[in-house]
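Let chain A serve as the given structure and place chain B on it in line with the hints.
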Amino acid sequence: MYVLSPVTDRVAAIREKYRTAKPSICTARYRIVTNFYREHPQLQGILKRAKNFRNICQKLPVLVNPGEVIVGWQATRYRACALYPEISFGWFLDELTAGTIPKRDTDPYDISEEDTRYLLETGDYWRKECLSAKVDEYIPPGYFAAAGSGVTYFGTTGTCSSPTGHFVANFETALRRGFGAIRAEAEEKMRDLEGRMYGTGAERYNFYRAVTIVCDGMITLARRYAEECARQAALEMDPARKTELLEMADSLGWIMANPCRSFHDAIQCMFLYQVGLCLDAQQHGISFGRVDQYLGPFYEADLAAGRITAAKAQELLDLFYLKVAEMNKIWPYFATLSGPGYTSGQLMTLGGVTRDGRDATNPVSYMMLQAAGRLLLHDPPQSLRIHKGTPPELWDAAIETTRIAGGVPTFENDDVIIPALMARGLPLASARNYCLIGCVEPQGCGDEWACPGGNGTESFFNLLGAFLLAINDGHNPMPGPDGRRGGRVGLPTGYLYEMETFDEVLDAVKRQIEYFVGWHVSLVNTWEMLASEHMQLPLLSATIDGCMESGRDVMKGGARHNSTGNAAIAIGNIADSLAVVKRLVYDERSVTARELYDAVMADWEGHEELHQRILGEAPHYGNDDPDADRFARWATDIYGDAINAATGPRGRWAAGLFPVTAHVLFGMSTAASPDGRKAGTPLSDGISPVQQMDRAGPTATLRSVSVIDQKKFSNGTLLNMRFHPTALASESGKGKLIALIRTYFALGGMEMQFNIVGADTLRRAQEAPEDYRDLVVRIAGFSAYFVELYRASQDDIIRRTELHL
Amino acid sequence: MERELTGKVYDIQGFSIQDGPGIRTTVFFKGCPLCCPWCHSPESQAFAPQLAWMAVRCIGIETCGRCLPVCPRGALSPGDLTRNAASGEEIRLVRIDRSSCDACGACTRACYPKALEICGTDYTLEKLLARVLRDRPFYEHSGGGVTVSGGEPLYQPEFVLRFLEKLKEQGIHTALDTTGHVPADVVERALAHTDLFLYDLKQMDGAVHRAATGVSNERILDNARLIAGRGGKMQVRVPVIPDFNDSDAAIREIGVFCLSLGAAVEVVQLLPYHNLGVVKYQRIENRGKVLEAVPPSEARMRTLVALLEGLGLRATLH
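Chains A and B supply the protein sequences, listed in that same order. Under my numbering, the first sequence is numbered contiguously, ending at residue 788. Under my numbering, the second sequence is numbered contiguously, ending at residue 1669.
Chain A on its own, in the form it takes in the complex (with noise of 0.2 Å):
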């Protein structure tokens, strides 16, 4: 039976700080950054960023607080987030300007009143540098008839709101080559280049050069923080403490230009090149990948070595893990919708195979479990990677560990991802090595850019959307960016109640999907033109492989495989419609389209009946009904097939079917949609069946929504349970969870995850938010602590399907 051991007490103290401390805005990078962009308009390009970082290096206080071990951070305090205004900051000013920042009801920050004062007196620069105010000008002039959907995100200002990310650097080559290596490499190609720059041999001159540039900022910010700790060290009375900061010092002056020699090497160089990503890129489902893989090989060496004990690793390991929770970054409102409590996406890999097919499980996959259990954290998000022959003993730990830590990790199948990964191009051993990015990506580890959060947007695609627009001749029923309701946004597809056959009605919905499909890969591709220009990223190119090779950053297509995700929604409300539209209007014919029609545009205002039996009689998917489920597997293989086929500068899309909270935010501009569900109210959660509609117990659910064809997602799919804990309490309780899991990924599930929590738990928590502190739940591909959240999203989490087992 697995067990907890208790953490140390320093552990304790600084996982307290954590819990007390309020997030709070800092100012130093942005302080840094706007001075070197108004200096430095001569600069473009690659090498104006690359100048950038080595600025931000050398420039931002380095803090190292009491207790540390693992050290790096993005701002002067702790807990505070650093602001990134080159990427959006329209947005930022407006809510700064507003007063809302510190009085959100999700994701509060603070900010002093001379912070606000400056950032108000400076900020409107950023308005017309930022990136976002630049793909603004670049949007085709056909999409304004089309900006309001509610199918798409975009709208026609800041549609860049969110930033570059959602990406996994290649680790190993930063942990066993070192960035002093990668510069040596860049030099040498330069050299090779100079005097002989024709065809596009100055592109890649350039991109050379801006690497040994980073590549010299990572080294200075390491130094920097050995010097911190070295002065730290020679005013320390405490000897233990003293003899600690001097091994930091030795540490951090060694690693990035070195390789790492040990395990502390290793988390330390992980943590604080993170940071330097982070620094460079602004935080957003930036990712560690395979952490156990990574780790797994200096902790044995130095265990073998007697260098470290189980017990010393596992504090360093809980370290490293306070400080990705502790960092975090301020979104837009709405945004923060979809992504609420202070999450950022830090996800961790653990399990699966290694690239020649092996079981990769080792001491350290323990160790990630034991620190997300007894560290009750929400962030870093954690993924376990499944395969036949994952040993049970991880099995165990992981359904201990998903009991205690709301919902980590998640459970991922191997044997459907890794050939869902071939098909989009991946060879077997790079396919094999995938980790999880952002919520629950798939990806090459190290040498894929799939921008799988669809490369600097929320990109979001709303099934419902579509089909409300198909049976409304392309107007859509809620208010649009003008505040006008009924706009045309779509295709002229004619109204239901002129349909004269059920197929009229699936052409209608075909269409509009295909349409937005469309647009949104343009509006993305457009993105990425600008976003290729202005924001490259030449730290993360410098591991990555294939770049180096190439002389390519990754956003121009230099990392040995690309892609690009996106992500549709609402899957369960665009099937219950159809199957509901198909009984009621077309074979039984029990009620007119029109009747219907009208029923849906009145938000089912007196028509209750209609609404109950709906409600009460018509097929749902999620009840193993082939008459609803037929149709989540129609609406995902349209979205699917048209992501698919669809192409960027660097290659082929990918689809997805994941929400984030996105459809509870999506919800809200949502009109009421035929398979009863009311305006305003949230879509179903990833590829659930919609909320409370799965009346037939978890197997049937776990069959229907096997049959959509997850192996054409490669971008990931999330399947959301909700398990009451009595479910769990017994050992036969969790054998069956894990057979469950097993049967839903042989019939082709590609992941699962859990919460294992009472409604009665969740109401009192709402109640008394101060005993509820640490109850952490899973919100989509990560956890938040639930009194954290906004109403709206704990509303939704409380409405999932309780399950007994």
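For the record, the hints were derived by calculation from the structure and aren't laboratory data. C-beta atoms are modelled at their ideal positions from N, C-alpha and C, and glycine is treated no differently. The reader is advised that the hints may include incorrect statements.
DSS-like mimics (lysine-lysine), calculated; alpha carbons at most 30 Å apart, straight line [unchecked claim]:
(1) A/K86 <-> A/K0
(2) A/K371 <-> A/K172
(3) B/K1519 <-> A/K371
(4) B/K1584 <-> B/K1517
(5) B/K1478 <-> A/K565
(6) A/K565 <-> B/K1465
(7) A/K34 <-> A/K172
(8) B/K1465 <-> B/K1478
(9) B/K1465 <-> A/K661
(10) B/K1519 <-> B/K1478
(11) A/K695 <-> A/K565
(12) A/K493 <-> A/K371
Partial pick of chain B residues on the chain A-facing surface, computed with a CB cut under 10 Å [said to hold, decoys possible]:
(13) I1368
(14) I1374
(15) N1435
(16) Y1463
(17) F1510
Chain B in isolation, oriented as in the chain A frame:
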């Protein structure tokens, strides 16, 4: 043409994990020769279909009321005012005149919120098999199977025995949850198709048994011996009921009997009385006796488990 064989089922529960090994699908058959006042499924007792009424689902006759005019016997009328839990609005529920109701089901077809439902559906063998076989992947990955429960499933012997036989032909693990109060030849026939008996033992004193359940325990004990003698496997289930069998002596006597059955008894499971059945009695407005008592404490249950373990049995709290 001969009428096709059907079984009367009141529930099918997928992902059933308390009724035998692995993930199982449990089919609950309607009708039982016993009438235990602690029964947690009172709707299982009568063989005939019954109208079940779940007040919390009713949205009120003001907005709906579709059930009232469709009843051919006029058994439904406006009832009490109550506050709807979801909306907080005051709504008027329906009242059922049970003496007029013949469970024809007309009102259930009109009731979209499913506040009115008929308890007891006829299944053909083919239909029931098709339903439980859909869960086959879950059985295979968990070492599970199908559990046949009730009521007393063997009170529909022709259907249930054929059903078990068909399951075995499909290679499905079968468990049979039985009171044991059935003719010996039926048990004998069931043995061939049953991998595991979930066998209820309630009380060794025949008079006490009869007073509470309406039947004596002789047949039950004989059948238990029969199963043991033929190499059947059993999980013995003992509901621990206040003032009926919750004394050390009563549980010890059951334990001693289980010991006499030898290796057939894999485990004795003690099920503490709970009063969740009470709400189900309200649904069908069963006028029979209902036990409302204080459930035994967990400590008391642990003592009884230890008592059985002391006899050398494997015992669990279920």
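Each hint, compared with the structure:
{"no.": "1", "hint": "A/K86 <-> A/K0", "in the structure": "holds (22 Å)"}
{"no.": "2", "hint": "A/K371 <-> A/K172", "in the structure": "violated (44 Å)"}
{"no.": "3", "hint": "B/K1519 <-> A/K371", "in the structure": "holds (28 Å)"}
{"no.": "4", "hint": "B/K1584 <-> B/K1517", "in the structure": "holds (20 Å)"}
{"no.": "5", "hint": "B/K1478 <-> A/K565", "in the structure": "holds (25 Å)"}
{"no.": "6", "hint": "A/K565 <-> B/K1465", "in the structure": "holds (22 Å)"}
{"no.": "7", "hint": "A/K34 <-> A/K172", "in the structure": "holds (19 Å)"}
{"no.": "8", "hint": "B/K1465 <-> B/K1478", "in the structure": "holds (23 Å)"}
{"no.": "9", "hint": "B/K1465 <-> A/K661", "in the structure": "holds (20 Å)"}
{"no.": "10", "hint": "B/K1519 <-> B/K1478", "in the structure": "holds (16 Å)"}
{"no.": "11", "hint": "A/K695 <-> A/K565", "in the structure": "holds (26 Å)"}
{"no.": "12", "hint": "A/K493 <-> A/K371", "in the structure": "violated (38 Å)"}
{"no.": "13", "hint": "I1368", "in the structure": "holds (5 Å)"}
{"no.": "14", "hint": "I1374", "in the structure": "holds (6 Å)"}
{"no.": "15", "hint": "N1435", "in the structure": "violated (13 Å)"}
{"no.": "16", "hint": "Y1463", "in the structure": "holds (4 Å)"}
{"no.": "17", "hint": "F1510", "in the structure": "violated (23 Å)"}
When each numbered hint is compared with the structure, violations occur for hints 2, 12, 15, 17.
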